[in-house]
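So you can see what is in the structure, the chains are spelled out below.
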Amino acid sequence: MTPYTATVEVRLKHGVLDPEAETTGRALERLGFELEDLRAADLFEVDLDAESAEDAAERAGEMAERLLANPTIHDYEVTVEER
Amino acid sequence: MTVAVVQFGGSNCDRDTVQALAHLDIDAELVWHEDGLPADTTGVVLPGGFSYGDYLRAGAMAARSPIMGEVRDAADSGTPVLGICNGAQIGCESSLTPGAFTTNESARFQCERVNLRVENADTPWTEGFDEGEVVEFPIAHGEGRYEIDDGRLDELEADDRVLFRYCDEDGEATPEANPNGSKHSVAGVLGDRDSVAVLMPHPERVSLPDIGHTDGQGVLRAFGE
Chain A
1 MTPYTATVEV
11 RLKHGVLDPE
21 AETTGRALER
31 LGFELEDLRA
41 ADLFEVDLDA
51 ESAEDAAERA
61 GEMAERLLAN
71 PTIHDYEVTV
81 EER
Chain B
1 MTVAVVQFGG
11 SNCDRDTVQA
21 LAHLDIDAEL
31 VWHEDGLPAD
41 TTGVVLPGGF
51 SYGDYLRAGA
61 MAARSPIMGE
71 VRDAADSGTP
81 VLGICNGAQI
91 GCESSLTPGA
101 FTTNESARFQ
111 CERVNLRVEN
121 ADTPWTEGFD
131 EGEVVEFPIA
141 HGEGRYEIDD
151 GRLDELEADD
161 RVLFRYCDED
171 GEATPEANPN
181 GSKHSVAGVL
191 GDRDSVAVLM
201 PHPERVSLPD
211 IGHTDGQGVL
221 RAFGE
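Protein chains in written order, with this note's numbering: chain A, 1 to 83; chain B, 1 to 225.
Wrong hints could be hidden among the right ones.
[What the hints assert, rightly or not] These stretches of chain B come out as covered by chain A in the derived footprint (C-beta under 8 Å, 3 or more residues):
hint : region
1    : 54-64
2    : 132-143
3    : 147-153
[Stated by the list, open to error] Which chain A residues stay away from chain B? Per the calculated CB distances, all over 10 Å, these:
hint : residue
4    : Met1
5    : Gly32
6    : Glu54
7    : Asn70
8    : Asp75
9    : Val78
10   : Glu82
The set of hints was computed from the structure by calculation and includes no laboratory data. Glycine included, each C-beta is placed from N, C-alpha and C at the ideal position.
Chain A with its partners taken away, still in its complex shape (with noise of 0.2 Å):
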């Protein structure tokens, strides 16, 4: 077994409104900031044990459809880099 550390990225879909990001976009600008649009994710990193970086792939992106994403309005990325 390898350790690894499975990072998951969620982000809502493409065209699902963002009212948090567009309002975090909006104090930005109060601040001064020039921004032309700004996207939020949720990141999660998942230390596990695995037989392969494949394998440990594969259980984070169980993770990600049963419980870390909502299939109806996210998209996800799974990435596995050994810890």
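Chain B: place on chain A using the hints.
Relative to the frame of chain A, chain B by itself:
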């Protein structure tokens, strides 16, 4: 013979719901989620509140708690199941009902009375109303914007699975009368069966005559049949 009002850590409309049901002479009891559904359960309410502090997403944690397997079995066998507010979020998170409730378009918590148009009066939850009738319920949520992909929403509408829409007092579902930016002004939907429903507005808060309006009784009476 009892309606189980399921309490999670952070539920806070559970006792209101029992009181509203009791007023309608419907036997109801509080059921702590870890205790499981009573053997004589004749109905289930997933009440409003902030289960698990809305961690991750509103309703996400409660939807994965073991009692929800029992609630699903009950729903599949025809037992009426109603999710109100946080219970609606739990219902969608657990796929008892389609879609998702997410952050209000305003990005604010909204607590106000809204008008709802009865879209389908041929369900246990709405048979006391007429189709197109306008009723007044309160909302109190930060994450009540109904989201679903367009194709799935078309299917729901074609199959008459939308229960209530936000509307103005004349029954028009205008953007101004949509408090949270819900897609097509959807405020409540049915699950696979008519006996399973969720809605963000609170029928239990407009069911006691002492409080004033009693439009919510129509929804809760489904448990008395």
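Okay, the hints, checked on the actual structure:
no.: 1; hint: 54-64; result: holds (count 4)
no.: 2; hint: 132-143; result: violated (count 0)
no.: 3; hint: 147-153; result: holds (count 3)
no.: 4; hint: Met1; result: holds, 27 Å
no.: 5; hint: Gly32; result: holds, 21 Å
no.: 6; hint: Glu54; result: holds, 26 Å
no.: 7; hint: Asn70; result: violated, 5 Å
no.: 8; hint: Asp75; result: holds, 12 Å
no.: 9; hint: Val78; result: holds, 17 Å
no.: 10; hint: Glu82; result: holds, 27 Å
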